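Single-letter residue listing:
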Amino acid sequence: MSGFRVLEPGVLSLFQDAGRLRHHALGLTTGGPMDGAAFYWANRLAGNPEGATTLEVAQGGLRLECTGDTSVAVAGAAMPLKINGQTKALWRSHRMTAGDVLELRHATAGLRTYVAAAGGFEAPVYFGSTAVVRREGLGNPLHAGQELVCGVPTDTDWALPMDQIPRYEATVTLRVVEGYQAAEFSTESRGLFYRSAFQVSPRSDRMGYRLEGNAVAVPAGERFSEGIAYGAVQVPPDGQPIVLLNDRQTIGGYPKLGTVLSLDCWKLAQCVPGAKVCFEVISLEAAQAAVEEFTATREATALKRST
Amino acid sequence: MPDDSMRIEVAGENALIVYLGDALSPVMADRVRRLDQQLRERLADQLIDTVPSYASVLIIYRPDRIRMEALREHLEEFGRATSAPIAKEGGSLVTLPVWYGPESGPDLVELADSNGLSVDQVVQRHHTREYRVYAIGFAPGFAYLGEVDEVIARPRLTTPRQQVPTGAVGIADRQTAVYPAESPGGWNLIGRCPVRMFDPLASAPMPVGVGDRIQFEPISRSEYLELGGAP
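So the protein sequences, as listed, match chains E and L.
Position in the first sequence (first residue = 1) + 1200 = my numbering.
Number 28 in my numbering belongs to position 40 of the second sequence; there are no gaps in the numbering.
Everything labelled a hint here was simulated from the structure, so no lab data went into it.
Among the hints, a few may not be true.
Simulated restraints, written as ranges between beta carbons of each label pair [stated by the list, open to error]:
| id | chain 1 | residue 1 | chain 2 | residue 2 | range |
| --- | --- | --- | --- | --- | --- |
| 1 | E | GLU1493 | L | VAL139 | 54 to 62 Å |
| 2 | E | VAL1352 | L | THR83 | 50 to 58 Å |
| 3 | L | ASP101 | E | GLU1208 | 52 to 60 Å |
Every value quoted in this text rests on a predicted model; they were computed, and no experiment measured them.
Quick reminder that beta carbons are idealized off the backbone N, C-alpha and C, glycines included.
Starting from the given sequences, assemble the full structure and let the hints guide the process.
This is how it looks when you write it as structure tokens:
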């Protein structure tokens, strides 16, 4: 059977598919890939349908031994990839033969890398999704000795054109669609938020990215907890913004300035603690156009043969 | 009749949030429930998900299936419909048995003392009122029920417990809840409920939804155990 045995699970490696939808009413979050772009390319390079189950490898340190022939594609943070000790390129597919050892060393830029295997990994399904959300007890991180099952090798080898490969920078500017309680924040407070550079806190995780910097004054008053959208920027009383991501709580009562464009949430998810984060306003229309254009461009992108 | 209390705000590139008002009440909980239900029934193919909570509903939609302006129009229409006078009995009525007492509810005696009531009075006040599910969140299956009689209201513990058992029934300010799973928690515990509030393997993982009505029914320790309550 095509698959792998986990020799070393790495710092945090999780099964992730496109995420768990339509279960917010039970209090379940979405999960899913923190970097939707790298996830998309990993699956496409492996010849998989969009949303197939991948491994999301945070920081690196993963070692897998192939137990049955297959192929893989690796996309995301710059983790040196070795197959049987030989350096291999990310953003392309590789044939794997039983006995081959695949290794992802620690990332030199970015934070999360996606390993897609032909046919997708088989993983337990909870509420229609394989996305592992530890906080909710849905699934577990990879562990040493675990057997992974996937599909037989695809018959073509593909690579993403160089100019399409994202760069992971230590400074990111995130575009914000203003909304929620934006109008309740004072003009000074909003001005300060958009002028300031924040640092990614070490207490950031799949739930949300905590930022440290100038304290943003929050509007007074208590609020009822309300639904939290992906990318929402909430500001607790200490004035330090939190961008809520895939494993966010479904409801919360802190005031929110708006919501980071999904495309930029993916960039944030590749930031390590200490990275610099700035914000700028984007109009709703421009945000929607940006997403449409991004989607159209990537669908139109032709992969090239790798040899 | 126009409903001036309803507001719609942008919540992201593909999300809107509807605020139905600023006050909590059983009527509000029922409006939230009905709006959410309408959305799920009539726009199922256009929506990614909805989050009903207290006095609002967040809607995340598929931009390839519906434009934000069109969604806004639907929301205004559905919102208006939910502001019409309603029967008091909207939402299902769910009865949850509770084994009350100092043994199952380690904060019961202190809550009674601090509020100048006897233990029996606290228990009686808790189960003689019908509650509404105001929101579900914090953890899968955690339903916030409101509102308890103000004479048994009490703030959260100053130091939360590391471990609250599954089924623990607690009070925090004027809300009450049944813990769906073992977790840390700071609510004042007054009893335990043998009904599982969240079973990920069941076809209906939760016995209640937002806007439903809840009635607690006192049971004895032996009934609690017979009903499958965790020891």
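Right, here's what the structure says about each hint:
1. E:GLU1493 - L:VAL139: 54 to 62 Å: 59 Å, holds
2. E:VAL1352 - L:THR83: 50 to 58 Å: 54 Å, holds
3. L:ASP101 - E:GLU1208: 52 to 60 Å: With Cβ atoms ~55 Å apart, the hint holds.
The structure meets every hint from the earlier list without exception.
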